[in-house]
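Asks: Single-letter residue listing:
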Amino acid sequence: MKRRPFLQSTLAASALLLTGLFPYTAQAAETIKVGILHSLSGTMAISETSLKDMALMTIDEINAKGGLLGKKLEPVVVDPASNWPLFAEKSRQLLTQDKVDVVFGCWTSVSRKSVLPVFEELNGLLFYPVQYEGEEMSPNVFYTGAAPNQQAIPAVEYLMSEDGGSAKRFFLLGTDYVYPRTTNKILRAFLHSKGVADKDIEEVYTPFGHSDYQTIVANIKKFSAGGKTAVISTVNGDSNVPFYKELGSQGLEATDIPVVAFSVGEEELRGIDTKPLVGQLAAWNYFQSVENPVNTEFVTKWKAYAKAKNLPNYQTAVTNDPMEATYVGINMWAQAVTKAGTTDVDKVRDALAGQTFAAPSGYTLTMDKTNHHLHKPVMIGEVQDDGQFSIVWQTEGPLRAQPWSPFIPGNDKKPDYAVKSN
Amino acid sequence: MNQPMTITLAQKAGPRLSLAVGGLVLAILLALPLLHLLPADSALHVSAYTLTLVGKILCYAIVALALDLVWGYAGLLSLGHGLFFALGGYAMGMYLMRQSAGDGLPAFMSFLAWNELPWYWYGTSSFLWAMCLVVLVPGLLALVFGYFAFRSRIKGVYFSIITQALTFAGMLLFFRNETGFGGNNGFTNFRTILGFDITAQGTRAVLFLCTVALLTGSLYLGFRLARSKFGRVLTALRDAENRLMFCGYDPRGYKLFIWVLSAVLCGLAGALYVPQVGIINPSEMSPTNSIEAAVWVALGGRGTLIGPLLGAGLVNGMKSWFTVAFPEYWLFALGALFIVVTLYLPKGVIGLLRKEKEQ
Amino acid sequence: MPASLPRILMALALLWPLASQAGDANDFVAANPAKQAKLLESWAAQPDPARQPLLDALQQGRVAADSSKTAFIEEAGNFSAAEGEAEPASPPKKLRLNNRLRGLLQTAQASHQLLASEASVRLAAAQQLQKSAKPAQLELLNARVASEQDAAVRDALALALANLQLVDPDPAVRLQAVRLLGETGEPLARTRLEALLDGDSETDAGVRTAAETSLAQVKRRLLVGELLGQAFSGLSLGSILLLAALGLAITFGLLGVINMAHGEMLMLGAYTTYMVQLGFQRLAPEYLALYPLAALPVAFFVTAAIGMALERTVIRHLYGRPLETLLATWGISLILIQLVRVIFGAQNVEVANPEWLSGGLQVLPNLVLPYSRIIIIGFALFVVALTWLLLNKTRLGLNVRAVTQNRNMAACCGVPTGRVDMLAFGLGSGIAGLGGVALSQIGNVGPDLGQSYIIDSFLVVVLGGVGQLAGSVLAAFGLGIANKLLEPQIGAVLGKILILALIILFIQKRPQGLFALKGRVID
Amino acid sequence: MRAAPIPEALLDPNRDPGGSREAVGLGSSAGKGLDVRHGTILTLEDINVSFDGFKALTNLTLYIGVGELRCIIGPNGAGKTTMMDVITGKTRPTSGSAFFGETLDLTRLSEVEIAQAGIGRKFQKPTVFEALSVFENLELALKTDKSVWASLRARLSGAQKDRIDEVLHTIRLDGSRHRPAGLLSHGQKQFLEIGMLLVQEPQLLLLDEPVAGMTDAETEFTAELFKSLARKHSLMVVEHDMGFVGTIADHVTVLHQGSVLAEGSLEQVQSNERVIEVYLGR
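Residue numbers (this note's numbering), protein chains in the order written: chain A, 629 to 1050; chain B, 98 to 456; chain C, 538 to 1060; chain D, -6 to 275.
Source of the hints: derived by calculation from the structure; they are not laboratory data.
Hints are supplied without guarantee of correctness; some may be wrong.
Here are the computed lysine-lysine pairs in the DSSO-like style, where the Cα-Cα straight-line distance is at most 30 angstroms [what the hints assert, rightly or not]: (1) C:Lys756 to A:Lys856; (2) D:Lys118 to B:Lys252; (3) C:Lys1046 to B:Lys252; (4) C:Lys671 to A:Lys856; (5) C:Lys671 to A:Lys822; (6) D:Lys48 to B:Lys252; (7) A:Lys693 to A:Lys929; (8) A:Lys827 to A:Lys850.
Just a few of them, taken from the derived set where beta-carbon distance is under 8 angstroms, the chain C residues facing chain B [said to hold, decoys possible]: (9) Ile795; (10) Val851; (11) Leu864; (12) Ala865; (13) Leu871; (14) Ile872; (15) Gln875; (16) Leu1023; (17) Ile1027; (18) Val1030; (19) Ile1034; (20) Ile1044; (21) Gln1045.
C-beta atoms are modelled at their ideal positions from N, C-alpha and C, and glycine is treated no differently.
Work out the full structure: start from the sequences and follow the hints.
Replies: Structure below.
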């Protein structure tokens, strides 16, 4: 009786399996395929989903202007589900099965490290939009986020300046993984070079997903009794809320002990009541509150897009640094394709060197001629009660990235141009 | 559930058919790497993507089988098998890192400004020693943990929860840069294995064949165990441990044997997984992964040998397909699948197939 | 440097009365940040009650400037000139202060508030000055100590003064200041006293000895505060673990369902809180502060209803097959997470603490007990008591216990087992929902909220002994305190690993948990 | 409370308890190593067990002779099952001594060691390996090397197969040898469990309510079976069914509130005033 449906479902299941193994390849080449490799589920979805939407918006925008080389761009969205080996698998799929010409994606360093060998093996092209710890320069990756010298070091310089509160002691707080550890290593070397002694630097790490900051905040308080203290936070996304809430409830204000964060932007602040946070700092290369016509247009477009696509909570849609980096990356790639007249990876790579783009940050950003990183301005923003940042300090102009930080021994021998890691 | 019965049943239902299907699958699996060696423009060429994807799923299938040996047969649900898998993978990864580092230190260490290898890295440049570690590390950990757990007669949910705690602790430990395994980035960027380029078609094909061999070997081992008196003691242990003790059997030895065997199989699967996938990092130890492995087994049908393999293939195949076709909805599909299977297919997919055969 | 700066400021201060007439507000608005800082410092040394409205407006961020750098003060959306009569030449833009200015502003405010009529305001001001008084304020403080009537305020002022007197040229003054500092428990006093121990900075041996004595006293008081703080944070962490685990103690402990979707019940409770908050914002903004109270029953019933629906549709088919409930509930949990992600977005949503849950109670100078945490501890105990009463003193509780102990027998006795199962599962889920409300006040509210608590919750229930409410309570507080004792010693990461290892060892020792029922072995 | 009187039979060195001196050498059931010089196979002296303050056994003293068939009766909660738990090592007494033969200290041995030493137990609720066939159940119970390594290489010898067939016949389950044990009726499961005890060849059999749920015919058959087992083996039967007890027992021990209330033949026990008081109420 039940036999037929069962058989059918089994057949259907095996069909699913087969299509999974052998995805249909390529249609005609009327479009240029663009891969988007951001986690839409799992722990990283919180950060990466908006980058996917931003990429789609930018692609729409380019298509609205007639596409590239007379062809439309066709986005191919996949979900690596915050699973690092899946990132490698998906990138291979994008490059060999879907035959995309470029991929925009990844957030965490580990996901980038996971796909890197694939991109190098298949000579693909990846645009990576997030600030990271540096120590990498692959010919197959363009890094549109900040290297440590484009974010962390200027932030600390600001804290040591009179306007930043002339901090003498530094509490380096991070989640225990590679980016915070490396950044703090660089910062410690930098602080040493500025004459800060080891007794005035405290490094504390918490496990992933840590949510109880009572002891740590108490320790910060204790540490701060020894002199003007600043906290440099590389706490990972989700742990920030309990950390800031604890700061607020133990009565630590930014005027006493400023906290500068490298992973807290507008998007993260959407999930936090910012009133107790006013005055806390963040260092980025872009803030939504930057005032210039390019940014005004950028923000307006994004809000309109969010509303049109009915994204969740579109009423409070914001832009942030990695979104801007995604936007800049796609546009630079488009310019390079136009310049090269082809989507061929080697030609586009050559065309990208020295490419410039008037970015929403208000600066004309340049892709470095050799090191695959963007020249970026650095801005320090203070949290306002409306969830935006007011910019209290910024660099004169864009800085060249130093992916091989001079503060890490041995890096002086590293070449200043991209070479395959293999 | 009823393993010995099902075996007899399968025999009755036509060993020829089972053998034919099994042989066909094996033939396809053996053909895949050979087809991969064909030139890329050939119509029959199997892409590296397909090969690594199938290779990955086969590794998962071994894990499922190993888990089924302890869960389906001995009734011990481990929610920490990801740990053994990852440990095997890390042991292999250490060797691969040493290979790509040449005479120097692995990249992540020089980056931490370490000047010499930690003691546990000694000898990892030797493939042989790395292979020993692949077996020894998960095996010894399982032995020590199992010895204490079974001595205290921890079973059921308690056992599941402490295995989960174990793998969670392992994950936190490996997350730390200081532990000396590359922190959350783990190991990537492997170059050569035994001197062969890891991305070469030939190397891929050989690795794939090794995986098929390990899978067939484990399957054969499982089959022999299940048909031996040992297998029947395990079944008895699962259903009525007290009765078995009063028959004069010491359950600890039996549990420990199958538990360690299962951990070692997982370690081996992990060791084959790493060079094919190209990365090993602590998220393999996350409790979620281990729960997922339990789901493969339940989905396929536990207490059978083929069921877990089917389950691993089905879930991972679906995952690969869904995450491309409907990226936002694949969790719904996966979740619904679990519910439907537990509610309507208590014996898993294999139970369903058997029912078909019976009619 | 420390000597020359006051002198310059004094000189400035002498000039000030003249300049002041030109309009503080307009001066401030026209100045660059460095000059603004100087202005604030001088105001702090020379308080003038007439400046109070300006300072208030600055602190509340209501000061704006037009293009001609004329100062305006915003009042309910309208801008009026801060000084004299003027119309804005362009739409005024609000002045943004940076941290440094905000700090100086606080000090200036405190100086001005020393002149306030209420003693409590003066006291708070004096306490603020203990932290931030600048040498330039020495004269002001001296004058205020002399004229202050209220004893408490005078003591506080004396202390603020003592901080400045540590560098007084007169050893006798320094000695007195050192003695005074010895009577406090301020972490800052410790640093200041430590600086005096060194022969280079403090030449007088008598002062040095007194500093040593005072330092010992301060350290003792600080230690007390630290220990109390540790104990409190242990209790607080315990109460959070308890709230997270309590629902599970029912669904898993009593019903035997390995409820992997328990974390999602917490998450749904937290999202319900978010929705209630939104509702209040839209419909009754005047009662917004009460939204957490309103969220409690709502969250309870919402999650209980979802729990009951799940029980009726899925879980009731799985009783007696505990390991299969694990798989089914895991599926449910995946679906719920993704559902929330699709509806509310992957990002965290904002759940703000109302006024009465923000800030903390200053018990000792180095010990603040956050109100939210105090209330959560109380709330956890309240929920435990409620659950205990429900299970032990009501008909429902009796039925639940009967069903969980012997389903068939209970059915024979006329207990409607289906209904009881449903209600019990609903109760467990509802309690998880209550836990979610509490968690939303201290952590983030996002789709993954539940995932971060599920492992801890299971550990608490298992450690306490399945089916033992008291065991869960003890396990939660035990884990919380152990965690907080270990954290300062070996760091949060190793601490967590060690705790997990200890739990594994403990279960070896007592496989049935803390509170296992001993008895005849039932087969 | 005074210790219960020791049966005369056991005190008299000239008498063979149960007439089974020679039973020691009979079959393989008499373990090679077991020292039963004094004719006592089980000695329990002053056993106390308490669970969280509740005293389950109080100064229990009991002796079972070699080849004896002893029935234990007593109201619910008298401590019958707890006593079996103590003998089989499942529960450790708080004080007192328990010896199997003259030398094996049961309080120091694990359950498995006790089972291997030659004490078999049948549970109150029939417990068989439901997923295995009847034959496989017996195969597992069969007296043989039970270590992991042995089980990996185990093959049944002809003699072992014959032994299983023989027992299958005895317990009247020859027809169901390949049926999964889970599909047997309640009574059949009882027999299967008894069969498993038989192939295990213990010297002392502990049987907890063996005829519960059996038809009259089955009960009768069981009584015959037990009587034939006595002498070759020692049996301790816990039973409520007085009729059954009457047909099989030479000696009856009455337990009450964790200690021995009376001991002797069924008639002696039934006429004991204290027993009447306990069973019938004051």
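Asks: Against chain B, run the beta carbon of Val1030 (chain C) and see if the smallest gap drops under 8 angstroms.
Replies: holds (6 angstroms)
Asks: Run the distance test for Lys756 (chain C) versus Lys856 (chain A): straight-line Cα separation, threshold 30 angstroms.
Replies: holds (20 angstroms)
Asks: Is the interface hint satisfied for Leu1023 (chain C)? The criterion is a beta-carbon contact with chain B at less than 8 angstroms.
Replies: Cβ of Leu1023 (chain C) sits 13 angstroms from chain B, so the hint is violated.
Asks: Min Cβ distance, Gln1045 (chain C) to chain B: is it shorter than 8 angstroms?
Replies: At about 5 angstroms, which falls below the 8 angstroms cut-off, the nearest Cβ of chain B leaves the hint on Gln1045 (chain C) intact, so it holds.
Asks: Taking the least C-beta to C-beta distance, is Ile795 (chain C) closer than 8 angstroms to chain B?
Replies: holds (6 angstroms)
Asks: Can the hint on Leu864 (chain C) be confirmed by a CB-to-CB distance to chain B that is less than 8 angstroms?
Replies: holds (5 angstroms)
Asks: Using 8 angstroms as the Cβ threshold, decide whether Ile1027 (chain C) counts as touching chain B.
Replies: violated (12 angstroms)
Asks: For a C-alpha distance cap of 30 angstroms, please report whether Lys671 (chain C) and Lys856 (chain A) respect it.
Replies: holds (14 angstroms)
Asks: Sort out whether Lys252 (chain B) lies within 30 angstroms of Lys118 (chain D), counting only the CA atoms.
Replies: Cα-Cα ~21 angstroms, so holds.
Asks: With a cut-off of 8 angstroms, does the beta carbon of Ile1034 (chain C) approach a beta carbon of chain B closely enough for the hint to hold?
Replies: holds (5 angstroms)
Asks: Given the hinted pair Lys48 (chain D) and Lys252 (chain B), is their alpha-carbon gap at most 30 angstroms?
Replies: holds (28 angstroms)
Asks: Take the C-alpha atoms of Lys693 (chain A) and Lys929 (chain A), compute the straight-line distance between them, and say whether it is at most 30 angstroms.
Replies: holds (15 angstroms)
Of the hints listed earlier, those the structure fails to meet are numbers 16 and 17, in rising order.
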